[in-house]
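Chemist: Since each chain comes alone in its own frame, lean on the hints to assemble the complex.
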Amino acid sequence: MTAHLVSLAELSRQLQSKQVSAVELAQAYLARIEAHRDLNAFLDVRPEVTLAQARAADARIAAGGAHPLTGVPIAHKDIFVTKDFFSTASSRMLEGYMSPFDATVVRNLGEAGMVTLGKLNCDEFAMGSSNENSAYGNVLNPWDKGAVPGGSSGGSSAVVAARIAPVATATDTGGSIREPAAFTGVTGTKPTYGRPSRWGMIAFASSLDTAGLMTNSAEDAALVLGPMVGFDPKDSTSVDRPGEDFTRDLAKPVKGLRIGVPKEFFGAGLQPDVEAAVRAALEEYRRLGATLVDISLPSAELGIPVYYVVAPAECSSNLSRFDGVRYGHRARTYGDLNDMIAKSRAEGLGAEPKRRILIGTYVLSHGYYDAYYIQAQKVRRLIAEEFRRAFEQCDLIAGPVTTSVAFGFGEKAADPVAMYMSDLYTIPGSLAGIPSMSIPCGFGAKGRPVGLQLMANYFEEAKMLGAAHQYQLATDWHTRIPEGFR
Amino acid sequence: MALTLDDVARIAHLARIEITDEEARRTLSQLNDIFALIEKMQAVDTSGVEPMAHPLGGAQRLRADEATEVIDRAAALRNAPAQQDGLFLVPKVIE
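Taken in order, these protein sequences are the chains called A and B. Here the first sequence is numbered in the working numbering, starting from 1 and rising by one per residue. Here the second sequence is numbered in the working numbering, starting from 1 and rising by one per residue.
Bound conformation, chain B alone (with noise of 0.2 Å):
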């Protein structure tokens, strides 16, 4: 199964990365080639087997929902790209 132009441009919307048709053309090809490379998987016979989410297999711990620490707000807003009066600022959002 290879994909198409349509396919490309449909995933980088769900990733939300702007791509332009020339890299959308470029990317086709290579993901093409790293499909074919993954096919190899699919072929595999997993009946019966338990799929292995990480290494050492039971449920990941939860810990108690309590604050163990705080950031200061300068210092969480201090990597913003916009803020304004404390708090983080992106286009608006609800007309």
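One chain only, chain A, in its complex shape (with noise of 0.2 Å):
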């Protein structure tokens, strides 16, 4: 079967005419992710699950009406909760858990059809860039096994790039979907900051936290950020907005369109290979009719210690839930209940959230909350007021992901801030709350591939898809597929 190699929309058109059934879809996934089980994407599969998920799509498809997506086969970041899989974040601390919900983004995908090949490791609470921060083990970057695949939404990544999963749920609080989608050469696309729903996603940094998709291409993201995002009152960050066709300016060619290009995302630290790669992509966008705009966000720098005060200050409070009483990890031998308390936390997480959760609480202790806290988030809307000023000169934003391309295992595993510093171009965006993407662009040093990062105000996710879409139109580098996963 080789469904792995046509788009979502090529698929739906074969599940719709029965020329391929979601049983056989399903099987054929589950086929590949058993041959590729050395990437450790998946940390949860349950075939007899998905197979009943598939048996249904497959009844609705028969009885006429079915949403496109119906049968079309998904797998889902380890961060959403999900009442059929475990739940774990990745952390020992949520070892076995079984939700007795399922995350609003999970529900609306699984209403729309949509059968879920099971949970994708990523690092711990989604805290990193390399997904060395599991607690159950790497995962590896399928163009090269001696390269991360990116963080935190490693295992997304992973198995959209190699075919294991045609798409893929992840989520992004400071680069999450991005980077890994830069460094396994897939298409990564955030929303703007509520628009999809936080409820059942466990919570990292609730001001930024935004769940997206890992797809092979702008289109196939179009056409399931529909039904996945919406109003959810069970969420106080909820936009309130219509429903809206992701897919209406696919077809839209770029002639005209401003493509504003940050200066301050090509200074000292970008590599050459990336930035090569970068330039020739806005260099075919100025070939198909966009006007490149020399622009200025001046605060941008400023984001990684905005980020850094602000991201685990919020982790501190949602992180303070685990507390080994209702539910998560609980020490074996304890004395009181405060030290019971402590000890399960210190058995039950994981460095880097130990270390973030050090950070916040400090960062909102007596005396340190206004030069701290409050500072980060009034320097974090100067950042925020850079990018609309921008956007009165620009449709949208390009410039590169990262600042190089996929880093070996264990080369930033001992030194936490040349770890955040990945982050560098992505956590601007986060802090503004704007939706961005990553689309693949070529490949730098050993082959590893580089990304593209596009852009866009508010809410304008269709102008930003459309233009990625041109662009896929233009170029074949989103098509390529590493070499043992054709």
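Hint data in this document are derived by calculation from the structure and do not stem from the laboratory. Take the hints with a grain of salt, since some may be wrong.
Simulated pairs of lysine-lysine, DSS-like, Cα-Cα distance not exceeding 27 Å [as the list claims (entries may be wrong)]:
#	chain 1	residue 1	chain 2	residue 2
1	A	K378	A	K263
2	A	K83	A	K234
3	A	K446	A	K412
4	A	K412	B	K40
5	A	K354	B	K40
6	A	K446	A	K145
7	A	K446	A	K354
8	A	K263	B	K40
9	A	K412	A	K145
10	A	K378	A	K354
11	A	K378	B	K92
Being a predicted model, the structure only gives us computed values, none of them experimental.
Modeler: This is the structure we're talking about:
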């Protein structure tokens, strides 16, 4: 079966015309998952659950009027809780945890008829840029098994790159969709903050956490984003807007489109191989009729310092729920209640979540709150304001996703600050809350993929996806498949 | 400003994470590296700037205080590390 080589639109057409059944498709992907277990991308696979969903999808198609995505398989990052699969956030703390409910994103996609292939490895509580922080081991990059797949959505990026899932959910707090997408040569889409529901998405930093998608093309992303997002009364920052057709601008030529190129994204630190591929992509846009506009985002470089106050502060608050009382790991031996909580957290949480909880606890503690947390929120506004002004001069912003191609295992693991710098170009957009994405635009050192970042103003996902699709019509980087996975 | 080992112990206590002396020493230098990174932000003039709590501004929406769905007791207790008579079990807190 060659289902893994076609677009979601084509898969949908084959399913609706009964050329292939959802069960056959699920079986084919389950076989691919089994054949590539060495990637360590899946944390939980349950063929009986997947096949039952596929049988239900076939019944819906047979009955007529099924949603176009009915029967299309999808894998979920293990940050989304699911009632039929373990939900662990790649942490020992939640080993064996079974949620009583599905996350809204999972439920929405299930209601559209999509079939769940399983749960995907990621950095623990989505904290990391290499997937090395998972309590369940590294995910390998399908392009080069000595390279990280990026993080935190490393399982999501790896399975889509390897074509062992046609689409995967992911989450982005500071770059956790775009960086792994760039490192594995897939299309990673982060919508506007507040568009997808956070309900049932295990919380890391609530003012930043945004669900999104890993796909093999912008067109695929546009098809799945529609049913995935929408107002959710259970999420206090969910945006109440009418549903949208995110495919509406796919056919729109980029002629006349103004693409802002921030000079701060091409400074010292950007590796020449990445810069060359990104500049070539910008040139391609110019060839297609877009206008490149020089812009400046002078406060963007403050993104990392701001992020490493805001995100840990929110994380220290969110992760206080893990106390070993109602669910999660409880230490075997302990004295009183406080001792039980402190020991359970010490044993159940990994090094990175602990580090961030400690930073967050400090910046929120008495005497430091204004100097750190409030100051960070103020600088965050300055960054967001610069984006707002930039979008008066241009329709989209483009630049690199990362400073380098995927690095090797262990290269940055011992140095948190070096690891944090991986998100230099993705954090500013996260702080502003604007939609952004990574699309493959070539290869750099050691044949590892390079991503082009596109950013759009609030709620302009359709425009961004359209421009990405036009690039993908003119280039074939997104169709490349790593050796051994064809 | 650099943190001390005492600061690390105090923060770990506030965060209710037990930490060994060895871990505290290792954590100390990492936290100081991170705070050196964060310092860059503190020099920025932000007078007159409103803090941005989340991207879409405004107050967070509140829902009506109504029970919308009910998880049954067995499902709620399914993941409990210790339970008895339909209740979560913790060490004695009141002597």
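Chemist: All hints, please: hold or fail.
Modeler: Outcome of the hint check:
1. K378/A <-> K263/A: Since the Cα atoms of K378/A and K263/A sit roughly 23 Å apart, the hinted pair holds (cutoff 27 Å).
2. K83/A <-> K234/A: holds (17 Å)
3. K446/A <-> K412/A: OK: K446/A and K412/A at ~18 Å, within 27 Å.
4. K412/A <-> K40/B: Measuring from Cα to Cα gives roughly 22 Å; hence the hint holds.
5. K354/A <-> K40/B: With Cα atoms ~23 Å apart, K354/A and K40/B stay inside 27 Å; holds.
6. K446/A <-> K145/A: holds (12 Å)
7. K446/A <-> K354/A: Given pair K446/A, K354/A is violated - Cα atoms ~34 Å apart, limit 27 Å.
8. K263/A <-> K40/B: holds (20 Å)
9. K412/A <-> K145/A: Holds, at roughly 16 Å.
10. K378/A <-> K354/A: Answer holds: K378/A to K354/A is near 26 Å, not above 27 Å.
11. K378/A <-> K92/B: Between K378/A and K92/B the Cα gap is close to 44 Å, so the pair fails against 27 Å, i.e. violated.
Checked against the numbered hints listed earlier, the structure breaks hints 7 and 11; every other hint is satisfied.
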